[in-house]
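Asks: Two chains, two frames, some hints: make the complex.
Given next are the chains, with one letter for each unit.
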Amino acid sequence: MQNNVNITNSTQEFRQDFAIISGWVKFGSKVLDLGCGDGALLQFLRSGLEVKGYGVEKDDANWIACMNNGVNVIQMDLEDGLSGFEDQSFDTVILSQTLQAMHNTERIVLEMLRVGCEVIVTFPNFGYWRNRIQILSGNMPVSKILPYQWFDTPNVHLCTINDFDEFCKNHKISVLERKVITDGNQIDFMPNFLGNLAIYRLKAN
Amino acid sequence: MTENNPVGNNSVGSDFVGIVAPQTAHFNSPLTLKSGAVLPQFDLVYETYGTLNADKSNAVLICHALSGTHHVAGKYTENDKYAGWWDNLVGPNKPLDTNKFFVIGLNNLGGCHGSTGPVSINPETNQQWGSQFPIVTVEDWVKSQALLADHLGIAQLAAVIGGSLGGMQALQWTIAYPERVRHALVIASAPNLTAQNIAFNEVARQAIITDPEFHGGDYYAHHVLPRRGLRIARMLGHITYLSDDAMGAKFGRKLKGDIKYSFDAEFEMESYLRYQGDKFAGEFDANTYLRMTRALDYYDPALNFDGDLSTALNKVTAKFLVVSFTSDWRFSPARSREIVKALLDNERTVSYAEVTAAHGHDAFLMRDVHYHNILRAYLNSIEVGIHHAK
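Chains L and Y supply the protein sequences, listed in that same order. Just so we're on the same page, the numbering used here is the position in the first sequence counted from 1, plus 204. Just so we're on the same page, the numbering used here is the position in the second sequence counted from 1, plus 1343.
With the rest of the complex left out, here is chain Y (with noise of 0.2 Å):
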């Protein structure tokens, strides 16, 4: 759920996808959410990775967690400091190889990245949407993601890959579109939330609703922001999702100087923590970062099949690679257990790795050798017909 690629950034070289730039998909059919809101039409900024195939049978959709965004790889220019947030995944040669695939991220609904989002101007009132615009969910987003593909003229994907949310988003793939995709990866995911982690999102949004900036979400009409309870949703968020071993291993009890008996950030982890929720508060939307959060709690395949994920993945045909990472205690290990043993009560194909990591739940984002091995192996075994003419 970091934004940036937060270790080894140094992804400038022969594997490097280069310079990219983003493009918009404009949709002007009405999409009905799941809420039963329509969007009565919207746009969907996403960048693209290597080169369709002749036979469209290579396309890789990453689908990106709580902050993520379409700017999976690359850099925009020479002089960007960050690099997309999987960059250390996705390129030549790299373990989602775009010599093979052709490779979509995107910017979800709702976002505030370019898709039509909160921000956006809503053309019935010509105001940005603010308040108005609607709640989205898991499920809509596969859907308007769908429509993405349509536009891209794929009509099944080889592989739908995400962590955390994002591999929500895979998992629903595969069951609003069994046709449509062949492989997915779900990594450091769930087959729904937890009571601890509502609570946690709980207390996220609690802090930007009760921001006196927040303005009932309108807070673009007052020309202010709810920094502070972005800032502190953020810094809440940046704990859950590091190990207590990480943290400690990373900072410790280590202060910045003397003891000064204040309420100053003294402790190497306040500092870090407060250097995140500022800069997670200057570049992200609170009205989006409420959405996300509500995405997540709203998602369970499982509801409307009294609760047996088993039968909700009964249509299910796509192969499965699932991965979790032992010290994630946000998205444990046997919450990934519980969709493996659903798809195995269904004689899917399905593989499951645990990773053994120390970083909790960010794991899922960083560069280790084992855990990049094990999606090398898998996405080097999906099959993609014909190869680009070059």
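Chain L extracted, bound-state conformation (with noise of 0.2 Å):
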């Protein structure tokens, strides 16, 4: 029942995530890389950063490319938790474009606030104007950061930022920081309408 939930795409917004993420994460910390895909960002913080970095990966696919990009991969699928990890035993605890493909959203969102001292999450922002406009014109949303049709997606658990934001009130999330970006540029007006992919900063209250 499990979907593979790497989106490995290599678009503008990926990377830029990669940049904001690198721009939240200490020199030298210890990271740990929630649905690592072939390990890029891990292997991206640890020649900026020195991070001490382990990847998680499902896919077995994946688990190959970390290790021959020399990531720390462990094997294990998220939606059983992370009960291999002390409690805050790291400094920053990613998940990155992952969390819409997660079943048990809920509780992987508690897990990692568990082990991590600081998390980031990043996700596509489902109430970006594009993806309204094509379901206004009676269509499921398809872009380059959505690149699957309604009937093969890994998405199951689609949000907008006004969503995760009442969901962090809710949960009562710490949200320390929070950026939004469409095709690299930052977007600090409307952003739940403008922006397509939103980065968070995280802490347990």
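Note that these hints are calculated values from the structure, not bench results. Take these hints with a grain of salt, some might be off.
Cross-link-like lysine to aspartate or glutamate pairs, in silico, EDC-like; alpha carbons within 20 Å at most [as the list claims (entries may be wrong)]: (1) L:234 x Y:1688; (2) Y:1424 x Y:1440; (3) L:256 x Y:1643; (4) L:230 x Y:1690; (5) L:256 x Y:1690; (6) L:262 x Y:1609; (7) Y:1377 x Y:1643; (8) L:262 x Y:1681; (9) L:234 x Y:1690.
Replies: So this is what it looks like as structure tokens:
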């Protein structure tokens, strides 16, 4: 029943999300990247920030890719939680463009907050105006950042920035910082309408 | 734990290590074992594949499991029916590439394939050791393996690799000699045995010990062998090394002929077990089997740390690859994850792969494309300094 949750496109949005994440990760810190794909983000963080990084990945091919990229990778299914990781044992736990594909969305966010002193979550904003237009015109949105058709998408829990803000509020999660971007540009005005990728820095309250 | 390469033994070709020969290292200094017993002198029989490089940085030690030997790869003669027990892994351009690594396989102390064990002559009595051969432990094996490394002039191993009981030895290397091992590949293993595993071992031992021809372990003097006990022990082992699904797929309820209303081997499953049991009883030593299972039972590096494996691994510096198999119920993925967790707690470099495999515990010996890709990718990442001059 589990989907492969890796979105391995290398669009401008994806790289931009790397740049913002790296701005929030401290030099030499201990980082856990959940759903790490081929390990590109950890490679990026290690080369620039000398982080002690571990990736978590379920997919066999991605596991091999991580190893070939010199990234430590733990094979497990995020849907099972993070039982092998101690409380507050990582400086930063990252979930990059994977939240929307999780079945146990609530659980994984709470688990990340348990394991990480800080948490970084990024997701495609379903409230982005182009998505809204596609819905208004009568179709499910398909775009670079949401490249799937309705029948083959791994994305089961798409949300808007407003939805996620509300989620954090209801779960008493502190939002330390939030950045919203579209095609690499930071969006400060009407982010839930004009932004297509949301990047949050969170902490347990 | 299966002795012969169980599948895909088409090991002739450009990736084959070729014809090999065992060597013997003799150690004259007494070896004090964990039990306090002392072996006045001992031999270790071993094989090597590939070439040790100039700075001796490419040595990989393979530790065998319960019934393994030093004969890891290659054949002794062209006509050998089987190659070494892990031939599918070791060879030129194979995952453990002998173009890059100098690979060492040995027979552990207490074994029955040439290293000093119960069948050897006790120099003090000029009789076979038999029941008098001491109980050896994983710690003792690793200690003796380190002496073998000394003998070969190897100060530091690039890697130690082992599956099952062999994985315990790889783990123990990193605890006992952190400065002497750079990488540990711990496959289908566990940080200690579960009660259920000890229970299986006890049944196996009872089958041997209660065989009327066991004679308290001194059957050599009586010129008999406790074959029936060893056979049952092996049959039990075989059941537990396979998964229910793998047995179902291989044998199912297939009959050899019509039902005869007898206790003959009518099901193919029975026939297979009897064949494996007989074969093993004809070539393995019962005293060795007892000691190997005991070593499994006793191994528990966390014992002196209130059961806390993370503390036990505190001084470990090696980098780790831990691999488990989904259908392995004797050394389940959960046990491997305990090792991974302890390493993560210590912020050590570790990767973990959980291989989807149907074959149960024996999967670690099988040629599976993804499993071998995992080992290949990890072993490729190991740096070995100066390559050997050719």
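Asks: Taking the hints in turn, state whether each one holds.
Replies: Hints, verified against the model:
With a C-alpha separation of about 12 Å, the suggested pair residue 234 of chain L and residue 1688 of chain Y falls inside the 20 Å cut-off, and the hint holds. Between residue 1424 of chain Y and residue 1440 of chain Y, the direct Cα distance comes to roughly 23 Å. Violation of the 20 Å bound is thereby established for this hinted pair. For the hint pairing residue 256 of chain L with residue 1643 of chain Y, the CA-to-CA distance comes to about 29 Å; that exceeds 20 Å, so the pair is violated. As the CA atoms of residue 230 of chain L and residue 1690 of chain Y are separated by approximately 17 Å, the hinted pair is consistent with the 20 Å bound.
At roughly 8 Å between alpha-carbon atoms, residue 256 of chain L and residue 1690 of chain Y fall within 20 Å of each other, so this suggested pair holds. With a C-alpha separation of about 43 Å, the suggested pairing of residue 262 of chain L with residue 1609 of chain Y is violated against the 20 Å cut-off. A distance of roughly 13 Å separates the Cα atoms of residue 1377 of chain Y and residue 1643 of chain Y; the hinted pair therefore holds under the 20 Å criterion. Among the hinted pairs, residue 262 of chain L with residue 1681 of chain Y is consistent with the structure: their alpha-carbon atoms are about 18 Å apart, no more than 20 Å.
At roughly 9 Å between alpha-carbon atoms, residue 234 of chain L and residue 1690 of chain Y fall within 20 Å of each other, so this suggested pair holds.
Going through the hint list in order, the structure does not satisfy hints 2, 3, 6.
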